[in-house]
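A.B. asks: Single-letter residue listing:
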Amino acid sequence: MKLELTWEQQALEDSVRKILQGVKVPIKATELEAQPNGYDEGLWKQFIEAGFTGLLENNSFTELVVLHEQLGYFRAQLPLITSCVTGLGLLRLLKSQPEAAAIAGKVSAGDAIIAPALWGGGKDTASPQKGVIRKNGKITGKKLLVPFFDCARWLVVLVDSDPLQLCLVEAKAAGIRGVKPDNLAVENAWTVEFSDTPVLLSAEISKPQLDKALLPSAMAITALSAGAAKKALDMTMEWVNMREAFGHKLASFQVLQHYLTNIAMDTAATRHLAYYGAWSLAHDEENAARIVASGKLFAGESFERIAGISLRMFGGHGFLEDSGMPLFFRRAKAWQLSMGGHQFWRDVLAQASGLRWSATDGK
Amino acid sequence: MDFSLTPEEREFQAEVRAFIKEHFRPEFMMREGLADTPGRREFVGLLAKRGWLRLGWPKEYGGIPSTPMMRVILNEELAYAGAPNLGISVLAVGQGILHYGTEELKKEFLEGILNNEILFAYAYTEPHAGSDLANLKTRAHLEGDEWVINGEKMFISPAHYAHYFWLAVRTDPSAPKHKGISLLIAPIKSKGVTISDLETLGRRGRFGDIWRTNRVIFDNVRIPARYIVGKVNQGWQVISAALDDERLYPHTPLRRSVENLVKWANEPDESGYRPAEDPQVREVIARLTAKMEAAQVLFYIQASSMLAGKRSPAEAAMTKIAISELDAEIMSEALKLFGARGLIESGTPETILGGEFTRDFRASILGPIAAGTSEILRNHIARHGLGLPRTA
Numbered sequence: 001m002k003l004e005l006t007w008e009q010q011a012l013e014d015s016v017r018k019i020l021q022g023v024k025v026p027i028k029a030t031e032l033e034a035q036p037n038g039y040d041e042g043l044w045k046q047f048i049e050a051g052f053t054g055l056l057e058n059n060s061f062t063e064l065v066v067l068h069e070q071l072g073y074f075r076a077q078l079p080l081i082t083s084c085v086t087g088l089g090l091l092r093l094l095k096s097q098p099e100a101a102a103i104a105g106k107v108s109a110g111d112a113i114i115a116p117a118l119w120g121g122g123k124d125t126a127s128p129q130k131g132v133i134r135k136n137g138k139i140t141g142k143k144l145l146v147p148f149f150d151c152a153r154w155l156v157v158l159v160d161s162d163p164l165q166l167c168l169v170e171a172k173a174a175g176i177r178g179v180k181p182d183n184l185a186v187e188n189a190w191t192v193e194f195s196d197t198p199v200l201l202s203a204e205i206s207k208p209q210l211d212k213a214l215l216p217s218a219m220a221i222t223a224l225s226a227g228a229a230k231k232a233l234d235m236t237m238e239w240v241n242m243r244e245a246f247g248h249k250l251a252s253f254q255v256l257q258h259y260l261t262n263i264a265m266d267t268a269a270t271r272h273l274a275y276y277g278a279w280s281l282a283h284d285e286e287n288a289a290r291i292v293a294s295g296k297l298f299a300g301e302s303f304e305r306i307a308g309i310s311l312r313m314f315g316g317h318g319f320l321e322d323s324g325m326p327l328f329f330r331r332a333k334a335w336q337l338s339m340g341g342h343q344f345w346r347d348v349l350a351q352a353s354g355l356r357w358s359a360t361d362g363k
Numbered sequence: 001m002d003f004s005l006t007p008e009e010r011e012f013q014a015e016v017r018a019f020i021k022e023h024f025r026p027e028f029m030m031r032e033g034l035a036d037t038p039g040r041r042e043f044v045g046l047l048a049k050r051g052w053l054r055l056g057w058p059k060e061y062g063g064i065p066s067t068p069m070m071r072v073i074l075n076e077e078l079a080y081a082g083a084p085n086l087g088i089s090v091l092a093v094g095q096g097i098l099h100y101g102t103e104e105l106k107k108e109f110l111e112g113i114l115n116n117e118i119l120f121a122y123a124y125t126e127p128h129a130g131s132d133l134a135n136l137k138t139r140a141h142l143e144g145d146e147w148v149i150n151g152e153k154m155f156i157s158p159a160h161y162a163h164y165f166w167l168a169v170r171t172d173p174s175a176p177k178h179k180g181i182s183l184l185i186a187p188i189k190s191k192g193v194t195i196s197d198l199e200t201l202g203r204r205g206r207f208g209d210i211w212r213t214n215r216v217i218f219d220n221v222r223i224p225a226r227y228i229v230g231k232v233n234q235g236w237q238v239i240s241a242a243l244d245d246e247r248l249y250p251h252t253p254l255r256r257s258v259e260n261l262v263k264w265a266n267e268p269d270e271s272g273y274r275p276a277e278d279p280q281v282r283e284v285i286a287r288l289t290a291k292m293e294a295a296q297v298l299f300y301i302q303a304s305s306m307l308a309g310k311r312s313p314a315e316a317a318m319t320k321i322a323i324s325e326l327d328a329e330i331m332s333e334a335l336k337l338f339g340a341r342g343l344i345e346s347g348t349p350e351t352i353l354g355g356e357f358t359r360d361f362r363a364s365i366l367g368p369i370a371a372g373t374s375e376i377l378r379n380h381i382a383r384h385g386l387g388l389p390r391t392a
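Chains A and B, in that order, give the protein sequences. Each step along the first sequence adds one to the number in the numbering used here, with nothing skipped, and position 10 is 10. Each step along the second sequence adds one to the number in the numbering used here, with nothing skipped, and position 321 is 321.
FYI, nobody ran anything at the bench for these hints, they're computed from the structure. Treat the hints with care, since some could be wrong.
Cross-link-like lysine to aspartate or glutamate pairs, in silico, EDC-like; alpha carbons within 16 Å at most [claimed, not checked]:
| id | chain 1 | residue 1 | chain 2 | residue 2 |
| --- | --- | --- | --- | --- |
| 1 | A | Lys-249 | B | Asp-132 |
| 2 | A | Lys-180 | B | Glu-350 |
| 3 | B | Lys-59 | B | Glu-9 |
| 4 | A | Lys-28 | A | Asp-322 |
| 5 | A | Lys-138 | A | Glu-49 |
| 6 | B | Lys-137 | A | Glu-244 |
| 7 | A | Lys-135 | A | Asp-162 |
| 8 | B | Lys-59 | B | Glu-103 |
| 9 | A | Lys-138 | A | Asp-160 |
| 10 | A | Lys-28 | B | Glu-350 |
Chain B is faced by these chain A residues, among others (derived, beta-carbon under 7 Å) [to be verified]:
| id | residue |
| --- | --- |
| 11 | Glu-99 |
| 12 | Lys-123 |
| 13 | Val-255 |
Every residue gets a Cβ at the ideal spot worked out from N, C-alpha and C, and that includes glycine.
From just these sequences and the hints, can you work out the full model?
C.D. replies: What follows is the structure, given as structure tokens:
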């Protein structure tokens, strides 16, 4: 075992940090929400020029973790997971069709954005396919929280059928309408309605294929959470070493020291699960679903704990946008529920761990 | 032991429920925010008209006879409905004036408070004095027949619509921290008061002032010398009593939240799926229900002690911790059950239960911080409840 990054990966980390240090990322969630398109276009261009948008195409999983850990740390918001991880991951399921390969090339090069439209409004959160059906070759229905819909050129839509279908549509195609609701996630997310929308490409897929295609996205969210958790820890450390109460630095109170230790333990475990997930996707396919799903679930719980406790250690100041804590608090919940919430990934983990609903299940 | 209400109390409870059924409208929802919405004003005005702001107050100050438990019942029923409560002016400040104020102050303020015409804003916290409140530095000194106030206060949420500050100031800098503090009443429109808006986690741009809180600067603010509550340098006693009074009326609708979760779980979605049939969902809701009953019973113990005239900081602290931490847990767990759809707050029909849980999730993190953090309150329990020694 050798758990350090290679020198190439360290160089990548340095270059991402350098880029991110050079841009001004707002500390307030409300300022991030107000960005046109929901992301910094200048930063996105730099990522494209650096070739960061094509990492999944090369199966560079560890590099993706490096990248997302830094994005989380620096609080930046880009359509990277949306388009270059989830979008590309789903396109792979359509890739027997030559048009899909051409689109994947454009997305990898950063020339266009593809957004996943997976989650329907059903109460069974382990079954995302609800909401959209296909009839006479066209799709009709509604998908929720479609990220960067307004910037996307294509949407990849999960359709409720048996077997499941994945359909690629043009984002500006006839019969598509988007509404942007207020949401807790600090993200440009839309409710998208389809009405007899023509389909460019489609493929029948199984649930295990869908789960597998989403593993890199779950891994990337784990990495984002690890980076953001480290930033929350650093900011809280700075605060407790500066702020005084009852004549002492906050850092000297044992109860707060214990909180900080718990945050440090949670942060370290989240980070290592992200890297373990990346390694398993590249080298241990048999266990990848178990490890990546564990990471997504652990990160969802740990970052929520970290964000909540950090905010509380700031006291009333933590409730103010100026402290930067509200952003972590909202993102923690959003990332916990994004790209499949608890029920979805628990099911994936249960299956990967050998649990079966019935004797015929999993065939 | 008897956990039941008396026949009179049951009758009153029924009367309150009927009143809420008749008058309550969704736009009155209190958990929508801290602002003085027209809905809040209208509803509390109706309560005032009904005379329920006067329950249990002495007859000579316009009070209506009632058992103290009736006020607890009224507060509980309002919280359950999601309605605004009576507010700190009636529940805490008015009591402070009643117990510690001069006859002149009682005449000047009590009737206005009971008519919902005079609203107060606590002005305790400062940029560097939150949990360590006794470290406050806002100064006041007497010049002739006026107090002159200088300093800065934080998190004064109703400052932009209330009429007076219930203001903690240092009047003797040479005395030990707790002993040099006085409690003043300062008109918010006084010359030298500057109020500025602070953006919070709970703030939602589209809705303007909702969830607003404020920073307040006092720059040579002058108020009449008679606007002191209690004796000079004995303000800590008045502050503590007001906080104790406030804790008797928690306004966190735990039961409503759990019942709403049950309602959500029982209703099938378009495909016929009912979350109530899922063992994971059942486990979560059952666990939250047990904790809710435990928090409720802790509240009854505290209320029973306080209503019998016993002040128990440890019991009050336990109740506040149990209620505020459980509220945050319920909101977090509910969103996990709802999945990604739970992130939508408003703007499409897909919001769950009108987005109430999503909005309250933002607010719930404030519960374990405001009016005494869970950490400080655990210190109280350790020292006053368990007799453990003070630590650093």
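A.B. asks: Compare the distance between the alpha carbons of Lys-249(A) and Asp-132(B) with 16 Å, and conclude whether the hinted pair is satisfied.
C.D. replies: With Cα atoms ~12 Å apart, Lys-249(A) and Asp-132(B) stay inside 16 Å; holds.
A.B. asks: Could you grab the alpha-carbon distance between Lys-138(A) and Asp-160(A) and see if it respects the 16 Å cut-off?
C.D. replies: holds (13 Å)
A.B. asks: Given the hint that Lys-28(A) pairs with Asp-322(A), test it: the Cα-Cα distance must not exceed 16 Å.
C.D. replies: Holds. Lys-28(A) to Asp-322(A) sits at ~6 Å (cutoff 16 Å).
A.B. asks: Check whether the Cα positions of Lys-59(B) and Glu-9(B) lie no farther apart than 16 Å.
C.D. replies: Given that 16 Å is the threshold and the Cα spacing comes to 20 Å, the pair is violated.
A.B. asks: With the threshold set at 16 Å, check whether the alpha-carbon distance from Lys-59(B) to Glu-103(B) stays at or below it.
C.D. replies: holds (15 Å)
A.B. asks: For a C-alpha distance cap of 16 Å, please report whether Lys-180(A) and Glu-350(B) respect it.
C.D. replies: holds (12 Å)
A.B. asks: Under the criterion that the straight-line Cα-Cα distance not exceed 16 Å, is the pair Lys-137(B), Glu-244(A) satisfied?
C.D. replies: With a Cα-Cα distance of about 14 Å, the restraint between Lys-137(B) and Glu-244(A) holds, given a limit of 16 Å.
A.B. asks: Classify the hint on Val-255(A) as holds or violated, based on whether any CB of chain B lies nearer than 7 Å to its CB.
C.D. replies: holds (6 Å)
A.B. asks: Regarding the pair Lys-135(A) and Asp-162(A), is the alpha-carbon distance no greater than 16 Å?
C.D. replies: holds (13 Å)
A.B. asks: Is Lys-138(A) within 16 Å of Glu-49(A), Cα to Cα?
C.D. replies: violated (37 Å)
A.B. asks: Given Glu-99(A) as an interface hint, is its Cβ closer than 7 Å to any Cβ of chain B?
C.D. replies: violated (29 Å)
A.B. asks: Interface hint check: Lys-123(A), Cβ to nearest Cβ on chain B, cutoff 7 Å. Holds or violated?
C.D. replies: Since the shortest Cβ distance to chain B is 4 Å, the answer is holds.
Hints 3, 5, 10 and 11 from the earlier list are contradicted by this structure; the remaining hints agree with it.
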